[in-house]
Amino acid sequence: MSKSNLRQTFLKPLIPFAGTILGGLVPGEMVLIQGSVPPGADRFQVDFTCGSSVHPRADVAFHFNPRFQKSPCIVCNSLQGGRWGREQILNQMPFTTGGAFELIVLVLKDKFKVAVNGVHVLEYKHRQDLERVDTLCVSGKVSVEVVGVAPPNALSPSSATLSHVTRQPISSSTGSLSVPFRGDLGDGLSVGRSITITAETHHNAQSFCVNLVTSSGSDVALHLNPRLKRRRLVRNSFLSESWGPEETALDSFPFAAGQYFEMIIRCEAQQFKVAVNGLHQLDYKHRVQELRSINQVEVQGDVTLLDVNIF
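If you count the sequence shown from 1, position 216 lands on 205 in this note's numbering, and the numbers rise without skipping.
A few of these clues could be false.
Stated by the list, open to error - Derived pair list, reagent style SDA-like, types lysine to any residue, alpha-carbon separation capped at 25 Å:
| no. | residue 1 | residue 2 |
| --- | --- | --- |
| 1 | Lys100 | Gly87 |
| 2 | Lys102 | Asp296 |
| 3 | Lys130 | Gln(-3) |
| 4 | Lys262 | Ser60 |
| 5 | Lys102 | Gly17 |
| 6 | Lys262 | Glu287 |
To be verified - Pair by pair, the computed Cβ-Cβ distance ranges are:
| no. | residue 1 | residue 2 | range |
| --- | --- | --- | --- |
| 7 | Thr237 | Ser167 | 26 to 34 Å |
| 8 | His192 | Lys114 | 36 to 44 Å |
| 9 | Lys218 | Lys114 | 44 to 52 Å |
| 10 | Glu112 | Thr(-2) | 19 to 27 Å |
| 11 | Val43 | Leu295 | 21 to 29 Å |
| 12 | Ser231 | Pro27 | 44 to 52 Å |
| 13 | Ser282 | Ala246 | 33 to 41 Å |
No lab work stands behind these hints, which were simulated from the structure alone. Just so it is clear, the structure is predicted and the values come from calculations on it, not from any experiment. For each residue, glycine too, the CB sits at the ideal point set by N, CA and C.
Required output: the full structure, derived from the provided sequences and hints.
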């Protein structure tokens, strides 16, 4: 999804940040935060608040507070009438100091669901009326590239990361994630299945590619080739020993050298949908109609693979 699909966006906000959520939040919407945690950081927090009053302090419907020192954990809570409630503590740390992150908060009728870097992390039941929430605050030791509010379904297909979906790790025949990488997709693709690739581009990266390969071993149903120097994302297919017409149109280029990313490729009846870091980027109509024949994924070029899954 391009940033134009977000109903509201804040780019490179100064921290501490407080922004009004236009129209408040409704079930099905998502809040996306992309940024990084500086080395040596002790904590940061994201607060969904009921107004922006300082004296007296506005009620906080959802306080999300990663703490990195001593025993790393995430503390969640609510503030009402100047008093904090019972803490909900997650003794895990999906963030890394010195590393980039993508945080997505899915708003539901009865709870918030949180994913970090494409992985479901926690749920937090509402303690205050969702209708009162109209402000988003970010503070502490954190740098933020973008804050966005997305209407229902706008982050599809990556919204699946916020549910307890079954992800099947894909590994090469050697069991390694080293690049060049080729992994087996089992019985092949089918409508509704998705492939997730998490990786980090090299600091001097020029290009890399992701290929979905058919059982013939030579045909490429989908070739995704980000070219970082030229800021182009080339799409194509290699069929019957020949490349087809390239597709290059894109609203924005989502990759940069030396940065973490998550790519999701979702197989639909007529096309592939590709999202990067939670934002839908492009559609690619199928040039191979027998989806089950697409049974391998390749990754080549200037990246370090961290994880490859199918669900």
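Verification of the hints:
no. : hint                          : in the structure
1   : Lys100 to Gly87               : violated, 30 Å
2   : Lys102 to Asp296              : holds, 22 Å
3   : Lys130 to Gln(-3)             : holds, 24 Å
4   : Lys262 to Ser60               : violated, 40 Å
5   : Lys102 to Gly17               : holds, 11 Å
6   : Lys262 to Glu287              : holds, 17 Å
7   : Thr237 to Ser167: 26 to 34 Å  : holds, 29 Å
8   : His192 to Lys114: 36 to 44 Å  : holds, 42 Å
9   : Lys218 to Lys114: 44 to 52 Å  : holds, 48 Å
10  : Glu112 to Thr(-2): 19 to 27 Å : holds, 26 Å
11  : Val43 to Leu295: 21 to 29 Å   : violated, 41 Å
12  : Ser231 to Pro27: 44 to 52 Å   : holds, 49 Å
13  : Ser282 to Ala246: 33 to 41 Å  : holds, 35 Å
Violated hints, listed in ascending order, are 1, 4 and 11; each of the other numbered hints is respected by the structure.
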